[in-house]
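Engineer: Listed below, chain by chain, are the residues.
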Amino acid sequence: VKTGRKGNPGCSFRAALICCVAGVVAVTAGPAVAQQAATQPVDHAEQRQTVIAQEQSVRKAYSDNVSATYNYRFGKDKPSLPGNAAAVGEGFLEPGAFPKAEYCAHCHQEAYSQWRQALHSNAFRTPFYRTSVNILINTKGIEFARHCDSCHNPVAVLGGGLTQDSQVDRSFDRDGLTCMTCHSIQAVQSTEGNGGIVMGVPAVMVDEQGNRIPGEVPYDEIMKHTDRHVAAVMRPLLHQPEFCASCHKANLPHELNDYKFVRAFTTYDEWQNSKFSQRNPLTFYTADFTTCQGCHMKRNPNALPDYGAKNGTFASHRWLAGNTAVPFYYGFDEQLQKTIDFLKSGNYLNVDIMGLKKKGDDRLIAPLGSVPFSVDPGETLQAMVVIQNKNIGHSLIPEVRDLYEAWVEFSVQDAGGKYLYHSGFLEPDGSLDPVAHSFTNRPVNVDSGFVDNHKVWTIRTVAFDNTVQAGRSVLIRYEFHIPEDIQGPVTITARVNYRHLRQSYLNNVFGKDHPAYPVVEIASRSRVLSMGRNLPTPALPGDNADWMRWNNLGIALLDQFQYPESVDAFSEVVRLRPDYADGYTNISLVEAEWEKFESAQMNIDKALALNPHSARALYYSALLARRFTQPDKEISQLEEVVRQYPQSRDAHRELGISYYQQHRYDDSMHEFEALQKIDPDDLAAHYNLSILYRRMGMKKQAAEQQAMFVDKKFDPGSPVYALNWFRDHPDMSDENIPWHLHTNLPQQQAAQPALGSAPRAGAEGQY
Amino acid sequence: LIRRSAVHWLWIAAAGATTAASGHAQAHCPWLNVATASGMLNGPAILDVQKPSPDETVCAFRYTVQGTVYSLQIDVRLHQDISRGLGSESSVCTSPGAALRAIGNEANICAEDSKSLHSDVVIGRVRDSIFRVSVSTSARNDPAMPRDALEQKAKDTAEQVAGALF
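Chain order of the listed sequences is A and B.
Residues in the first sequence are numbered consecutively from 1, following the numbering used here.
Residues in the second sequence are numbered consecutively from 1, following the numbering used here.
Because the hints were derived from the structure by calculation, they are not lab data.
As a list, the in silico DSS-like pairs of lysine-lysine whose alpha-carbon atoms are at most 27 Å apart:
| # | chain 1 | residue 1 | chain 2 | residue 2 |
| --- | --- | --- | --- | --- |
| 1 | A | LYS700 | A | LYS78 |
| 2 | A | LYS100 | B | LYS155 |
| 3 | A | LYS512 | B | LYS155 |
| 4 | A | LYS455 | A | LYS512 |
| 5 | A | LYS140 | A | LYS712 |
| 6 | B | LYS51 | A | LYS140 |
| 7 | A | LYS699 | A | LYS713 |
| 8 | A | LYS359 | A | LYS418 |
| 9 | A | LYS310 | A | LYS298 |
Same shape as in the complex, but just chain A (with noise of 0.2 Å):
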């Protein structure tokens, strides 16, 4: 490990100072503060005061420097849209303002060593990065890649280096997001993402009365003041949610599409909306209080010595997630191995091969495993999989959903291994299987084309998206034939694989001669049906109680709009667990839903009964009453759900609504503002404030409350360019409709659907 000292081979200070008054700033004039301050100590305040000094002289002669030919196409005081970085002070900052890795290594060789592996130091090099961003600065320009680099590469926006012809040195483009980008930061914008935050001038001590002092610093000093370095370094933000807001989560505003805002992805949205932030009161379970760094960023014994360490232990800088794209290619085995551990933890997905239909018998045989059932030769078959998303706080796939790849792979099996039915297989040019049911999305453009490359900024709409949302199910049907002369069991398996990236763009990136790429399985469950009669079997460790099991059924049919399945199935959570008042409050909702709001009433009514301070079914609760016209209701019981939860968007939108129509106009006002804190991008808060101002008079903000709804609100001619998609894809239609059936068999041969789209029969026909 390298000191700062060593590692920073720079100018002098005075040197540099010589530079600026000579007005002929080098680009790395950056390292000089860093230099400068490493050499001397800054115990007196007078010194601090010089290094302060010093270093705005410098960014401001590197600015200016930077200034004179950058491209200000979107503005002079907005230099890094189409994305949202920004820094304090004035002007850009000079990349040389950030110590080295190599600095911080000398204390934190965990950290280091974990960092060098890791997504977020790989940020911007990496070829499944730059292939996609490369097309968008050889089409568009450089300087829209802004938005993609202001997570990607901050250092490189910040430093005023993405613009034409642009002289800033880029050799840090190898460290990506360093430490001193994390830890520089001083506030993220808003929750609106997109590279939100804002940077401080990189500082790894403060002095006694809280300034930063810029640079490097000799190790001895930080060592006599720890408490400073800890108070430049690690501001309370690095710990919240809304930190990691500012990249995982994203927009196509305007300026980069030259269209409209278009949603690309909300983790953090997602981890909010899910139980694991404890601020949703609609979640169907509920769990500890985690965050994204409560996950991703776990404590585990240290191998190397690190100050940052507590009681042997130090929180993860690998931010292991589904990425085994970049660690394969790099040969970061530890990272892969670590990646790969997790995804197969089994605590995320469970997988439940839920029941059985026998063709022409619409009874459900279920839960497997816990009833009596027979199969004979010659039956038709249609396997009911439900994959839970059970403990992920966000969906899957959270992001860039139209090039990672989860789906689902399902075979049956005879004695002898032979497939029955296969979907979701590889093909052997590694290619998925194109009719499995995967957790991808079709992004389309205004051709009506395949949005490939990740060119997000020609995408006008998804022709499908299939995900599972954070604590959520989702069911998949497959059917299937037993032949007439079956030797032995039959085995059924369905399991959720992964692989970063799907083969299309992996070929894109590297041509079609690369190594094929990690596929790793997530979850599965296999089964075995013997022919004729089959007796109930053990649950296995990991399997769902059937209470659960039953629920998860039911949200995976009222995501389906199978409105009376999806009762029955609550309706068999409360036979099996009476006093769960979440069974009937989930009845209860399936029921509105399916406007019988008699009985949805008197559901809710049950689940209050049991827990009459249950914010769920309080909430549902009140929407009823806003159905029966009971205002009070409707309103308190509103108003105990924002105080059990003060950051519930649903809650604050619904006493908005609530208290607007009663003409409670200041009240309703300050909810939709309470909305628009929590999630700025709100079409409600947004649609629903900007008619509250203009009654208040309050015409310039009605008007940017207008613009935005405007700007963010779903295009209603988009969807013409889906269904034109579909027009050319239609073995791929059914993925757009909640109800599809996956099979083998020809159409004639399908079972078909209650409601929804015909069977896609035939389309695996192949197989």
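With chain A fixed as given, assemble chain B onto it according to the hints.
Structural biologist: Same frame as chain A, now just chain B:
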């Protein structure tokens, strides 16, 4: 401690700004800017861009100080026959090549030494583009650019070039 005198740094900075300007006016290398090349060469580089054929572009950065010439050359060409192209490029090596991981689709590094020039060369490809990056000093046993520095700079530059080619 790697430190340079104030005068030396001033010279670098002034010359860097000057050459950056002249580089800007005269030539543009698609894969590496003058500032980054100057950082690699430890001094203000002059850029010359040549296009020997429609499928080939050569960027030559050069920095001369006290009689020593430091150069960084990037040669990118499209090839129909990748293996033949890589083999042809590798013929200039004066040391056995070593495979590099995570630079382009594939890459190798080797030395290319002559009486007047001591270079480390990375030869690799991105899809069907073959690139050749060499970092050189004219001085034998140059203390300002020792062998390991040449090697590291060649690798770092090659990564930048490959990144731009993806």
